Each structure stands twice: as structure tokens, then as C-alpha cells.
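Chains as they are written, first to last, in our numbering: chain A, 1 to 466; chain B, 1001 to 1586.
Note that these hints are calculated values from the structure, not bench results. Computed from a predicted model, the values in this text were never measured in an experiment. C-beta atoms are modelled at their ideal positions from N, C-alpha and C, and glycine is treated no differently. Treat each hint with caution, since some may be false.
[As the list claims (entries may be wrong)] The following label-pair restraints were derived from C-beta to C-beta distances:
{"hint": "1", "chain 1": "B", "residue 1": "1275", "chain 2": "A", "residue 2": "22", "range": "38 to 44 Å"}
{"hint": "2", "chain 1": "B", "residue 1": "1112", "chain 2": "A", "residue 2": "269", "range": "36 to 42 Å"}
{"hint": "3", "chain 1": "A", "residue 1": "385", "chain 2": "B", "residue 2": "1537", "range": "45 to 51 Å"}
{"hint": "4", "chain 1": "B", "residue 1": "1507", "chain 2": "A", "residue 2": "457", "range": "45 to 51 Å"}
{"hint": "5", "chain 1": "A", "residue 1": "456", "chain 2": "B", "residue 2": "1464", "range": "55 to 61 Å"}
[Unchecked claim] Short derived list, chain A residues pointing at chain B, Cβ under 10 Å:
{"hint": "6", "residue": "17"}
{"hint": "7", "residue": "19"}
{"hint": "8", "residue": "20"}
{"hint": "9", "residue": "116"}
{"hint": "10", "residue": "118"}
{"hint": "11", "residue": "146"}
{"hint": "12", "residue": "201"}
{"hint": "13", "residue": "203"}
{"hint": "14", "residue": "204"}
{"hint": "15", "residue": "207"}
{"hint": "16", "residue": "268"}
{"hint": "17", "residue": "271"}
{"hint": "18", "residue": "282"}
{"hint": "19", "residue": "318"}
{"hint": "20", "residue": "396"}
{"hint": "21", "residue": "441"}
[Stated by the list, open to error] Listed next, the in silico EDC-like pairs over lysine to aspartate or glutamate satisfying Cα-Cα at most 16 Å (straight line):
{"hint": "22", "chain 1": "B", "residue 1": "1554", "chain 2": "A", "residue 2": "447"}
{"hint": "23", "chain 1": "A", "residue 1": "169", "chain 2": "A", "residue 2": "190"}
{"hint": "24", "chain 1": "B", "residue 1": "1554", "chain 2": "A", "residue 2": "449"}
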Amino acid sequence: MSLKYIGLSEINGPLVALEGVKGIGYDEMAQIKLSDGTKRLARVVEVSEDKAILQVFEGTRGLSLENTVTEFEGRPMELPLAPEMVGRIFNGAGRPIDGLGEIFPEKSADINGAPINPVSRVYPQNYINTGISSIDALTTLIRGQKLPIFSGSGLSHNKLAVQIVRQAKIADESGKGFAVVFGAMGVKNDVADYFKRSFEETGVLSRVVMFLNLSNDPIIERILTPRCALTCAEYLAFEKNMHILCILTDMTSYAEAVREFSSSKGEIPGRKGYPGYLYSDLASIYERAGIVKGAEGSVTQIPILTMPNDDITHPVPDLTGYITEGQIVLDRTLEQEGVYPAVSILPSLSRLMKDGIGEGFTREDHQTCANQLFAAYARVQDAKALASVIGEEELSASDKAFLNFGRLFEKHFLGQDFNENRSIEQTLDLGWALLSQLPREELDRVDEEHLNKFYDPGALVALGYD
Amino acid sequence: MDVIYSVNGPVVKVKGTKSFSMQEMVYVGKKRLIAEVIGVAADFTTIQVYEGTTGLLPGEPVEGTGAPMSVTLAPGIITNIFDGIERPLNKLEEISGAFIADGANVELLDTEKTYDTTVTVKVGDRVSAGVCYCTCPESAVVIHKCMLPPLSKGGEVTWTAENGEHKITDEIIRVKDETGKETSYTMMQKWPIRTPRPCKERLPISRPLITGQRVIDTISPIAKGGTAAIPGGFGTGKTMTQHQLAKWCDADIIIYIGCGERGNEMTQVLTEFSELIDPRTGKPLTDRTMLIANTSNMPVAAREASIYTGITIAEYYRDMGYHIAIMADSTSRWAEALREISGRLEEMPAEEGFPAYLPSRIADFYERAGYVKTLGGNEGSVTIIGAVSPQGSDFSEPVTQNTKRFVRCFLALDKNLAYARHYPAINWNDSYSEYIDEIADYFKENVAEDYMQTRQRISSILSKENELMEIVKLMGADVLPDDQKVLIETARVIRVGFLQQNAFHKDDTYVDLDKQYRMMKIILLLFDKANEAAGRGVSVSSIRETGWFERLIKMKYDIPNDKPEMFDEFSLELTTQLDGLEAQEE
């Protein structure tokens, strides 16, 4: 029986201090019982010989210096794990909230995880077909990758995430099935509902584990949510050999929780008030993706974050981009022009793409086609800028051709229906057909051989586009 | 016995003790976590722990080792992969599986493996610090030379082991110094990571580090023994550029430090480098490479140490007379580790929360590069190429700015180039190299007499284009006079045909200096001939119709690396065709 401590010596925001304690370990969990019988979880964030500082997950409302009993658990925060978690809904701290009762844990694991040894990793090379042209062709998603969606408030990132979950197909059939782990940090009630409903409608709910921390839930619990979700994902992937797609939304709310917690501890702030360790903290989440030797499963992460004021240089998207293996950036102008999904391809990137496409994975001409599409679309931006100054009439013939290409590309290639699932062949053929709308000599990233094979100005009409 | 007083993240304090010295390596807690003393005061000793501190209790023991944080130097380093404090990751995998556990104490280097050793001194020889006393093949391309440690007094050899298979802990020689004291040496020595290894003298920089990357070798060359920084926002290709340099640069040994970066990238280096063949030796690239992997989710204090571990190992191989290139990816993560620890120590922050000693730490690091005469009398060099990840792609942030002060070659990566998939996305206008004058003679003697003039003309075309683009952006290219149109077209050939380089193309991934020179020459020939034709009244559009601009853009693929004579054919054909152009009547 462990010792119980009555009362507290200080309360400051979500932090409480206890004096005269012995044998408390760093990062240890504790339960604080209030006089009305309710319990709250807390974690040790600093210890010294006779004093411990604890962070209370459910907030310190109602706590006084005298009405509490604190009991230390002697171990860090652990999440009970069982294969039956698939299909269940948990709160942000990993407790079931779907009314189906507790799970019977097979084991528990420290939610902080441990870093994967780089020599134990398998380099991700198998692509995931999402059926979305802009992603499949230009920012290909690879199994074991972490590829965030950079979005803004009001953009259709949730819709895109649902479409990816619904359409995601894995090229080969290894491993024991496919499941989605969904971690929601500080999302609005109706957004969580939207995901739940969409998963239900598409019949994937039975394959989804949900961890929900809604926007009115305690912010400190928000710090646990992605860690719980990833602990569950790692368990299913590396011990149960499943392929896991982990969607984490919204990472900006998470980072704000980290900031709030840091400032209440009185730490020295870095950029925009975020603590100096935000990079390491985000890395401890994002790096928990990948494939390890000896396990057939994989963890693929799609974190979603909203860029405050659509600013990609804001610390959260900025640090995220430095850790993740690329990014899919959504663009407000495209969205307003009615393009769905509004993927802005120039700042978007998939770092693992180059080794997961081409012969044996997608198609031999994939890289060439993608390079030329990127280069041509970059030219479109120059032509647009020039047109806005001197007017479209005054443009040279080649600039006009690029403007026309740009319009067709946005309409037919980027734009696609929420229910449209394009195969990689369809996507690449469409890409070549669009490129063929440009004069042949402008395709400077393509060699003769490919030009002979794929350059066909009539192809776009033949494919049924006008 | 000293015990832990408090724990806050990686920072542990011990109360009221005098038993520790600054930068001493200590073991913390029952798990014996590796740690280093970073502050000593009358009331508290401050220690930073290189592993996770979860579950550490006040009252657990802290044990000193009496020695500063050091690396073990012996055969077995090359081809290996370590974490930030030189623990071999393969061994850690054997102990704790795919996930790294805390408190895994492993031997740093394999003490069971034997090496075919040749003793190079005999009894009676006089030896001094830095003298090599035995050699052994460490990998297929690296001969390891064991040298008397820099601080040893030297003296007379009194005993040597036989040639043959030896473990690194075997005694190889005994040396009697002037006082008559006999010391025995194995193949292993230790050196504190924060102290530069001494050398006899620093030599002036005179040779380029040839990378086979056109934009680097011609626009802003790196020198052997020099320093270079590669700053760029995410997605601009810092890591890609570092990988290309690690693969193709003409150093003898590559030390690649993955400092706070992605785990999958290190795996990529591991797999890719073992498959790629080094054109100079015909052996896999791993045979000349050692890796330090401290990924972004591994303990932050070890990230801070990884840079020093890497540079110390580099200096050790430099002392053997090798040319080493260090790739540090990324130094910003290292600076952030400094900031994080500084914050935990509650030090007064300077800019953006970084500690005030950031500039001096950056300077200390880059100053450990150099071209030197070693204690043993050899020539060797350490070249440092550090990636910088500026926050928000803003080059005015403290790490980029302070790095810029201490490096002499600056390869600025540009977001807009990367967005247009112009790779390597090194901006030719923002980048510079201060080594050009010092290595000019090398180019003159080894490539061509007029190499420097040629590269100068190429740069000036690019900088003129940059000015003209201001006008073009406002009014379109059609308003320019003919000579400026020719210049814009030529600049496009330089940008697309020369500066852009395809890392995935078998020929284009590495291009030797001779081909680089010939490519520049033929572009300038086109420029001159086109200007002449325009001077005769030939319209720019008819010059364009000859197709030569497009042909030169694709020459990097069309002319294989082993057929330089094709350039002559190209030049001849080009001259004939452009000279034959006649002015047309309106």
C-alpha cells in the first residue's frame, strides 16, 4: 500500500505542489481524490528531495489546499491495450466513453513510448493509393510515412481526411488487416461527430479506434491524446501486425496546450510564446511512425493542422514541416474558386515519394510526369503574375499556353469529386494529356523517349474532358 | 555517496557535494544513465542526462567516473552507426530490440573482433606523440593507423607485439619515457569530446573539395579544410544536398551526423550507401562512412553531444593523414538542444530564447575544421558542412546569422526554386564562397587555364539576368532589345541545363570538373555566336529556331560522362549552324 498525502502546499493554474513527500519518481502518475469523491489524474513534472510538482489533467477547479488526498502510482502513465480496442471510442486520456464498459487489457504500455532505433527501421517504400490525383501523382503517400495536411480554418481538410480513409488502398496484401487510429485534440463537437458519422456511413467505423479530446475538455488532457493514440497504433501495428493509418487533428490545438502548460510552469518562452522544446515535443509524436524489422504492420501518420492566419511560417507548421516527411498544403484561393481538394501543389511535397514510385510500384513514367507537372505549374504562376500586370492580351504565345494549361490543370487534375476514386493509371494518363496541351518544346523535363510515347494533344478530349 | 536532489527533464541536481568536476562524465540513478556535469556550485552540482529520466527518484545514487565525457577511438568506427554518445546502435538493438531502452550500457567498440595488425615500429625506435605505431585494415578502403596519443610524452620503444590478429584491447607497444617510466599502449585511446585534438600547425587552404555538383563546384566551391553552411526551409532539399555531398565528394572518409532529424532518413542513408558503389574505390560507400544518428525523438542532451562526438572522431582520422568531410544535419537542432538545456538551467536568454553563448559555441565548432600538418607529420583536413534549418525560413534568425559569421562558404537554399522543382535549389545569387581565390590555382593547374574566367562569365550572365528579370516581370520579355533577349535565353540554358542537376540520373548525379568546364564553354560559345548573329541582324526567334538552346539544356543527359569528345562535335556543329544564319528582310 502506497502512502497517501493529505492536502496540497500550492496551486498555480494546472500545477499543484506537494511538500514533504518521499520516493516520488520523475514522470510518475498520481491520483488526486477530492472530498466529494471525484478523482483526477496528475503527473509529476518536477521532483526534488522533499517536494513534487504535479500537473493535474482535468484542471484544478475546485481544488483547495485542504480538500484533497493524493496517491502516487509509482509508475509513468500507461495505457491498457487489447485487440478489442478497434471499433471503440475513448476520451483523450484513454478511458472508454462509448458506454460499452472497460476493456480487458492484454498489457499496458507507457504512453510516452520509446524512440525507434534507426537501425531497426525498414525504409518505407510501398505506396498507398488514395485515389486522389494530386496526392497520388505529386505527393505520393508511402506506408510508414508521416505526411501532414497543412490547412486553415474553414478549409476542407476534414473532408479530405475522410476521403483518404475511405479510399486508401495498399498495393499488396501483407499484414493482418488495416485499421484507423483517430486522435482528436481540441476539435469541436460537431467535427468529431462529422468524422464519426462519415466513418459510419462508409462502413469503416468498426475498424476505427477513436481518442476524443474535444475543445471544451481540459487542455492538459490534450497533451496525452496523441500519445495514447500512437501507443495504441504502435501496439496494433508492431504486435498485432496491422497496417495503421493514424489521423491526428488538430495539431495546432495540441501545440497551444503545450504552450499553456509551459507558461503555467513559468518556463522561458521561445518564438510566439511556445516553449523552446516544442520541436523535440512534436518530434516525440511525429517520429512514432514507420515500419520496424520483424513486424509486418506499419504506422502511417496523417496529422492535420490549421495554420493560424494561413501562415506557413508560424512555429507549429514550421516545426512540423522540419520533422515530417513532406506536407500537403491546402490553399484558400483554390478553395474559393471551387476546387476540391484545394491542394496547393507547389509547396506540397512527399519526401519518401522518390523511392516508392516508378517501375514495380506505380508506373515507370511517374517521376518524369510529376517533375514536368510541377515545373509547368510553376511557370503558370509566373504567367499569372505577368498577366495581372500587363493584361492577358499582351502575353506571349507561350505564356498564354501556360495560362490555359493552368486552368485545365486546376479544373480537371486537382479538382475531383468527393466520391471519385481515380486509379494511378487514370491519374498519370490525365497528367500527360494535360501536359500535351503545351507546345512540345516547352516540356524541358521530359526526354525524347517519353515525349514520343505520351505526347498527344488530342488525348484530353479522348479522355472525355473538354 | 552522492545522491540525486531534484529532477527536471534531462537536468538533475545534486546537493552540497565537492566530488565532481566540470564536464565530468557521471552515471545517474540505479539504471546508470550516462550524464555529464555542466555546472558546479557550492550548493548544487548540475548534471545533464543523455537518456530519458522517466522514473528517476531523488535519493538515487550519482557516481562519478573521474574523466571528462570522452569518445573511444580505435578500429571499428568506420562503417558503424552510433548514437550521439558513441553507443553502437546495432548493439543497442541486440539488447533492447527495435525500441531504445534507457540505461543500456554497452561497449562502445567491439573488443572481441580481431584485426590483422602490422606493427610499424621496432624496439629501440624513438617515438613521439602522433607517431603511428601500428596499422590495420579497418574497412575495404580505410587503413587504420594507431598513433601515440597527443598528450603522451613519447620516448623509446621497449617492447612490441607480433604482427597478426589483435583485439583492440591487446597491448601493442611499450614506451619508456625520459623519466624511465614505462607506458603500454593498446590499439585504443580516449579523447574528451569538447577539446580539439592538437596538431603541429594549420596550413593554408589550397585545394577544393570536389563534389561533382555543378552549382557548388563552379558557383560557390567548398575547400578541403573549409567550412560551409547550407541553410534552407523545410522541403528545400538540405538533406538531399547533404546526401549528394556525402556520396560524391572526394574526401577519404565521411562522417554523417544526423542530429535531431528523421529516423527514416538515417535508414535511407544506411540502405542506400551500402548499395551505392564509390567510383573512386569500386567499393560500397559505407566502407568510407560512419554515421551518428540521434533522431529528433532521442534524448535531447545526447543531441547536443553528437556534434562533438562527430568532430572528435573526424580529428582522430585527420591525424592519420586523411581528408574528412563532416555533414552535420542539422546544426539548428543542436542549437535548439542548447536552448532547451539552457532553459532548464534557468539561464538568462538572449535572442529568441537562445543562450547568450550560442555564437561562441557555433564558432568553437566550426573552428575545429582546418587543413593541418598533424603531430605525426602528415597532412590531413577536416571539412565541415553544416545544414541550418531557419525557423520560418527566415535567414535573419540567430542560428543562421551566427553561422554566417563563422563559415566561409554559404549555400543558400531557396524555397521558390524548390517549389519549381529546380534542384539542387541553391540560389546562385544569395550563395557565396570566400575560397575562390585560394583554390583558383588548383583549377588552373588541374582543369583549364581559363577556368576562373569561364566561371566568372557564367556568374555575370546570371547576375545580369537577375537585373533584367525585374523589367521582364513588369513588362514581359518582348520589350527587351535583341542582345538582352539572347542573354535571357542563355541564362535559361545555364539555369536549366547547367545549374539544375538530376540526382537520380546515373550520369548527371556526379559530373567531373572537366565536363563541368566543357559544359560552361559550350554555353558561352552559344552565347557569343548568338550575339554575333543578332549583331548581323538575325532575329532572336530564328536563332531560337535552330534548337540549340534546347539541345544544350539537354546535353547533360545526351553527352555521357565518358565521352568528352562529343563536346567538340557539338561545338563544331553549333558554330557552323549559327554562323550560317542570315539576316532576313522584313
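Against the structure, the hints come out as follows:
Evaluation of the 38 to 44 Å hint for residue 1275/B and residue 22/A yields a failure: the beta carbon distance comes to about 56 Å. A beta carbon spacing of about 50 Å between residue 1112/B and residue 269/A contradicts the range 36 to 42 Å that was offered as a hint. For the pair residue 385/A and residue 1537/B, the supplied restraint of 45 to 51 Å is violated, since their beta-carbon distance comes to about 33 Å. In this structure, residue 1507/B and residue 457/A break the distance hint of 45 to 51 Å, their C-beta atoms being roughly 31 Å apart.
For residue 456/A and residue 1464/B, the Cβ-Cβ distance of about 39 Å falls outside the hinted range of 55 to 61 Å, so the restraint is violated. Evaluation of the residue 17/A hint against chain B yields a violated restraint, the C-beta minimum of about 13 Å exceeding 10 Å. This hint is violated: residue 19/A has a C-beta 13 Å from the nearest C-beta of chain B, more than the 10 Å allowed. With a cut of 10 Å, the hint placing residue 20/A at the interface with chain B is violated, because the nearest CB-to-CB distance is about 13 Å.
Interface restraint check: residue 116/A against chain B, minimum CB-CB distance 6 Å, threshold 10 Å, status holds. Annotation: residue 118/A was flagged as interfacial toward chain B, and the flag holds, the nearest CB pair being 4 Å apart, inside 10 Å. With 10 Å as the threshold, the beta carbon of residue 146/A comes within range of chain B, its nearest partner Cβ sitting at about 9 Å, so the hint holds. With a least beta-carbon distance of about 34 Å to chain B, the hint placing residue 201/A at the interface is violated under the 10 Å criterion.
Contact between residue 203/A and chain B, as hinted, is not supported at the beta carbon level, the nearest pair being about 32 Å apart and thus beyond 10 Å. Hint status for residue 204/A: violated, given a least beta-carbon distance of 27 Å to chain B, over 10 Å. Checking residue 207/A against chain B: minimum C-beta separation of about 25 Å lies over 10 Å; hint violated. For residue 268/A, the interface hint holds, the least distance from its beta-carbon to any beta-carbon of chain B being 5 Å, beneath 10 Å.
With a cut of 10 Å, the hint placing residue 271/A at the interface with chain B holds, because the nearest CB-to-CB distance is about 6 Å. Interface hint status for residue 282/A: upheld, as the beta-carbon distance to the closest one in chain B is roughly 8 Å, under 10 Å. The interface hint given for residue 318/A is met, as the beta carbon of that residue sits about 5 Å from the closest beta carbon of chain B, less than 10 Å. Checking residue 396/A against chain B by beta carbon gives a least distance of about 6 Å; that is within 10 Å, so the hint holds.
With its C-beta approaching chain B no nearer than about 6 Å, residue 441/A sits inside the 10 Å limit, and its interface hint holds. Taking the CA atoms of residue 1554/B and residue 447/A, the gap is about 8 Å. The hint holds against a cut of 16 Å. Our distance criterion of 16 Å between C-alpha atoms is broken by residue 169/A and residue 190/A, whose separation comes to about 28 Å. A hinted pair counts as satisfied when its Cα atoms are at most 16 Å apart, and residue 1554/B with residue 449/A qualifies at roughly 13 Å.
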